[in-house]
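One-letter residues, chain by chain:
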Amino acid sequence: MSAPEVLLQAGALAVDRARSRVLHDVAMELRAGEALAVVGPNAAGKSTLVQALAGLLPAAAGEVRLAGRPLGEWPRDARARTLALVTSREEGLDSLSVGDRVALGRYPHRGPFQPYVAEDDAAVARALARTGIAHLAARRLGTLSAGERQLTTLARGLAQEPRVLLLDEPAAHLDVGHQLQLFRTLDEVRRTGVGVLAVIHDLARAAAWAERMLLLHEGRIAADGAPDAVLASAAAGRAFGVKIRGHAVPGVKGALYSFEPEPPG
Amino acid sequence: MTRDRARLVVPLLLVALALALLLATAKGSVPLPFRGVVGALLAKLGLPGDASSLGATGETILFTVRLPRVLLAALVGGGLAVVGTVLQAVFRNPLADAGLLGVGSGAALGAVLAVHFGLASTVFFALPLAAFAGAMTAVLAVYFIAGTTGRSGLHGLLLTGIAVSALAGAMTSVMLVATEEFRVKTVLFWLAGGLEGRGWTHVQAGAAFVLTGAALLLLLARPLDVLSLGEEEAASLGLPVRATRLGLLGLASLVAGACTAVAGAVPFVGLMAPHALRPLVGPLSRRLLPAAFLGGALLVVLADLGARALSTRFELPLGALTAFVGAPYFLAALRANEGRG
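Taken in sequence, the protein lines are chains Z and A. Residues 1 to 265 (our numbering) are what the first sequence spells out, left to right. Residues 1 to 341 (our numbering) are what the second sequence spells out, left to right.
Any given hint might turn out to be false.
[Said to hold, decoys possible] If you want the ones that stay clear, here's a sample from chain A, every Cβ over 12 Å from chain Z, calculated:
1. R7
2. L12
3. G39
4. V65
5. F144
6. L284
7. R308
8. T312
[What the hints assert, rightly or not] Distance windows between CB atoms, simulated:
9. R76(Z) / L211(A): 29 to 35 Å
10. T149(A) / A14(Z): 24 to 30 Å
11. G153(A) / R21(Z): 17 to 23 Å
12. P75(Z) / I162(A): 33 to 39 Å
13. P70(Z) / L211(A): 29 to 35 Å
Hint data in this document are derived by calculation from the structure and do not stem from the laboratory. Where is the CB? At the ideal position from N, CA and C, for every residue including glycine.
Given only the sequences and the hints, what does the whole structure look like? Please build it.
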């Protein structure tokens with residue numbers, strides 16, 4: 001069987017923010033159905049990378065290709081039908097209902113004027129069910145917990161029915177139960193062939209979920225590979241300034257990690 | 001609040017507005033009989049109606065004084081409420097108002113210039129035209145300055161709006177001081193906001209801008225909702241954020257400018273109507289815009305009626321009345337404001 005199609009690809013990508021370069025020479029790819037975690041210390045350029053991959057920040061050098069076509073050549077609506085971005089910086093109005101919020105994810109499919117059709121209602125219902133928040137559909141955003149709000153944003157992204165899903169700290173506000181729910185949802189989505197890239201702060205969580213891990217440090221890719229190998233690398237220790245150790249525990253899938261301060265000197 | 005109850009809001013507002021319009025048309029320094037008013041209106045529309053109980057004087061009062069004034073109140077109220085709805089969504093702030101873009105202060109400066117140079121008393125309709133031109137100049141200045149200083153984001157627009165408003169306010173003060181005393185009162189009356197002596201020309205001008213603008217804004221309801229999710233999410237959904245915002249704020253400025261030009265400053269209507277109705281019909285613009293239009297119209301028709309009813313020796317300015325109601329409402333809303341609407 002040949003490897004799944006490359007959906008998103010960056011080559012020699014550089015991105016500037018407020019006239020200073022925050023990403024240098026980034027090369028990466030995301031395949032259909034893949035789970036790719038992006039990790040790195042604060043200010044490593046993770047959010048910038050996600051925004052550039054989503055086409056919201058221009059490339060100062062290099063390029064991003066979505067399904068083989070340069071991102072800049074995509075019409076906005078077609079791009080938003082193919083690639084969805086979910087962040088923890090959402091700003092929906094408190095009085096907006098969960099159902100109406102998720103339905104706005106159908107905007108790229110219907111544009112400003114076409115009325116929503118049964119297909120849109122079905123996509124919204126599927127997104128609500130998949131994120132486990134169907135029972136909240138009539139609730140207003142202002143009455144939700146931070147975790148429920150976060151799942152609502154994810155449901156909006158799923159309602160777009162994209163082929164690529166980019167997430168920036170999707171688990172930021174979630175308790176452990178909601179975190180497991182979130183990553184289970186992402187795995188279900190991956191099984192339908194969607195490529196999922198997620199910036200994840202919690203290294204252990206990232207290693208447990210991802211098939212591949214990208215380590216960003218000072219705006220450059222410092223390591224790219226299997227999560228265990230990336231976390232065991234010297235680059236990871238350097239990036240975070242800590243000693244990372246993986247421990248195999250019988251009965252637990254994947255390694256467990258411990259973190260210790262790097263001895264001075 | 002269930003959807004079914006939310007659906008009742010617009011029909012209820014329609015009925016209330018119709019009753020308020022009728023009441024406001026009949027009441028005044030010369031009271032007109034309801035039956036006569038209804039009969040005359042029906043007859044005017046070519047329907048069977050009997051206006052005989054009005055008499056010739058009553059009919060003249062109805063058609064040249066009362067009716068244009070009441071209709072203009074509805075248009076101005078509806079227009080300001082639509083503007084408030086749009087600005088509250090664009091700025092994602094449930095307490096936003098047309099004042100943010102410099103419309104009011106620009107219009108005031110235009111009006112005082114027209115009066116200062118004597119145009120207002122010699123050229124027909126010069127004052128509203130000058131006020132409108134002033135409002136548009138202020139809005140364009142806000143955009144231009146915000147754009148060239150690289151601050152065309154929401155925050156930049158907001159801060160530039162405050163600065164331009166302050167500048168226009170200062171220029172208005174200077175012009176007022178430099179204006180001959182007998183003319184100052186004209187400006188003061190206009191600044192206070194009111195509908196006294198407005199005729200069909202005002203109604204036509206107001207209707208052209210308000211109804212066209214409101215219809216176009218309703219057409220853009222979905223992009224407005226997407227924009228209210230915030231810049232990043234809206235852009236990720238494929239919305240051209242800058243262009244959409246420019247279009248929406250441009251239309252809102254035209255409507256607000258027209259309202260201010262024909263009625264002077266009528267504060268707090270644009271804030272109150274959408275803010276009060278959002279909990280009932282939800283924030284989706286498709287539902288909130290029509291409800292807010294009707295709510296704002298109702299509010300100003302009643303406020304104008306109140307201004308006339310409370311007046312004895314002099315007429316209470318309409319703008320003062322809406323401020324007397326609106327300022328406490330605003331403070332209460334500030335206290336209760338649980339977040340971002």
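A quick look at each hint next to the structure:
| no. | hint | result |
| --- | --- | --- |
| 1 | R7 | holds, 15 Å |
| 2 | L12 | holds, 20 Å |
| 3 | G39 | holds, 42 Å |
| 4 | V65 | holds, 41 Å |
| 5 | F144 | holds, 23 Å |
| 6 | L284 | violated, 6 Å |
| 7 | R308 | holds, 35 Å |
| 8 | T312 | holds, 42 Å |
| 9 | R76(Z) / L211(A): 29 to 35 Å | holds, 31 Å |
| 10 | T149(A) / A14(Z): 24 to 30 Å | holds, 27 Å |
| 11 | G153(A) / R21(Z): 17 to 23 Å | holds, 22 Å |
| 12 | P75(Z) / I162(A): 33 to 39 Å | holds, 37 Å |
| 13 | P70(Z) / L211(A): 29 to 35 Å | violated, 45 Å |
Violation of the numbered hints given earlier is confined to hints 6, 13; the remaining hints are satisfied by the structure.
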